[in-house]
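Peer 1: Each chain, letter by letter, is given below.
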Amino acid sequence: MEFTLLFLAIAIVMVVAWWGPRPLALGLFAVVLLACVATYLHHATDTLKLSF
Amino acid sequence: MTRSSAITLNALGLYAVAMVLAVAFGAQLLLHELPCPLCLLQRIQFTVLAIGPVMNIRWGPRPSHYALSLLAAVAGAVVSSRQVLLHIMPGDAGYGTALFGYHYYTLALLAFIAAIVLLAAMLLFDRQFDEDRATQVGAAGAFAMSAVWLVIGLTALNVVSTLLECGFAACADNPLVYELLKR
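So the sequence lines, in the order shown, correspond to chains A and B. Position one of the first sequence corresponds to residue 13 (my numbering), numbered consecutively onward. Position one of the second sequence corresponds to residue 13 (my numbering), numbered consecutively onward.
Treat the hints as calculated values from the structure; they're not laboratory data. Incorrect hints may have been included.
Output of the computed footprint for chain A on chain B, the stretches with three or more beta carbons under 8 angstroms from beta carbons of chain A [said to hold, decoys possible]:
#1 70-82
#2 177-186
Ranges between beta-carbon positions, derived for each pair [to be verified]:
#3 M13/A to H99/B: 37 to 43 angstroms
#4 A132/B to P33/A: 15 to 21 angstroms
#5 A133/B to M13/A: 49 to 55 angstroms
#6 V27/A to G153/B: 17 to 23 angstroms
Glycine is no exception: its CB is placed at the ideal position from the N, C-alpha and C atoms.
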């Protein structure tokens, strides 16, 4: 579900970047990037099985 | 490099991102391989990477727009590196079908590194930032506008595809069926 929301949020940021005010697009970009990092950290809890 | 050349190169960058997203869709639909959570996150970083070029085409080239794409490319490289490390053990067959001998996440890592290098190279050309911004803002040609709407369309398709795959719950680690299409 979180990935669907991220894709939706990015599509909205793209539309705002194209049609809306620039400061709003930059602000929304920051929110989306932070959400992406948070999603990555949430999913990065598995142990890495390294060969060394 | 002139302002219009930079905008053309940004449009080409958008077409490159669109190609990556289309190939990923092709693998998903033709090979019936559903993207895993990390695979989806890499697709997401490719779409985030496209926001910088969209703004460059709309508002004219600015260093801050390239910075947005650099941040997205670094984040994408981190995600794809993690997936490469998850399958680095000898004997591990990797996740999904290999394309040209490389799995999607390995190709994604190479693409993100290439994006970082190309974005840094674009920042070397100062003349694109010098011209009067008021003259050409929003005056993108059909080539650039098509690139923008192609990427927005592919991102919207990913909204639908991911909703079908994951449904309204967390995505499966190894998805085999579309959750919303299960009978």
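Peer 1: Confirm or reject each hint.
Peer 2: Hint by hint, here is what the structure shows:
For the stretch 70-82 of chain B, the assignment as covered by chain A holds, since 4 residues bring a beta-carbon within under 8 angstroms of that chain's beta-carbons and 3 suffice. Evaluation of the coverage hint for the stretch 177-186 of chain B: fulfilled, as 6 residues show C-beta separations to chain A shorter than 8 angstroms, against a requirement of three. Separation of M13/A from H99/B is about 26 angstroms and departs from the stated range, judged on CB atoms against 37 to 43 angstroms. The supplied range of 15 to 21 angstroms is broken by A132/B and P33/A, whose beta-carbon atoms lie about 28 angstroms from each other.
Look at A133/B against M13/A: about 38 angstroms separates their beta carbons, and that is not inside 49 to 55 angstroms. About 20 angstroms separates the C-beta atoms of V27/A and G153/B, a value consistent with the hinted range of 17 to 23 angstroms.
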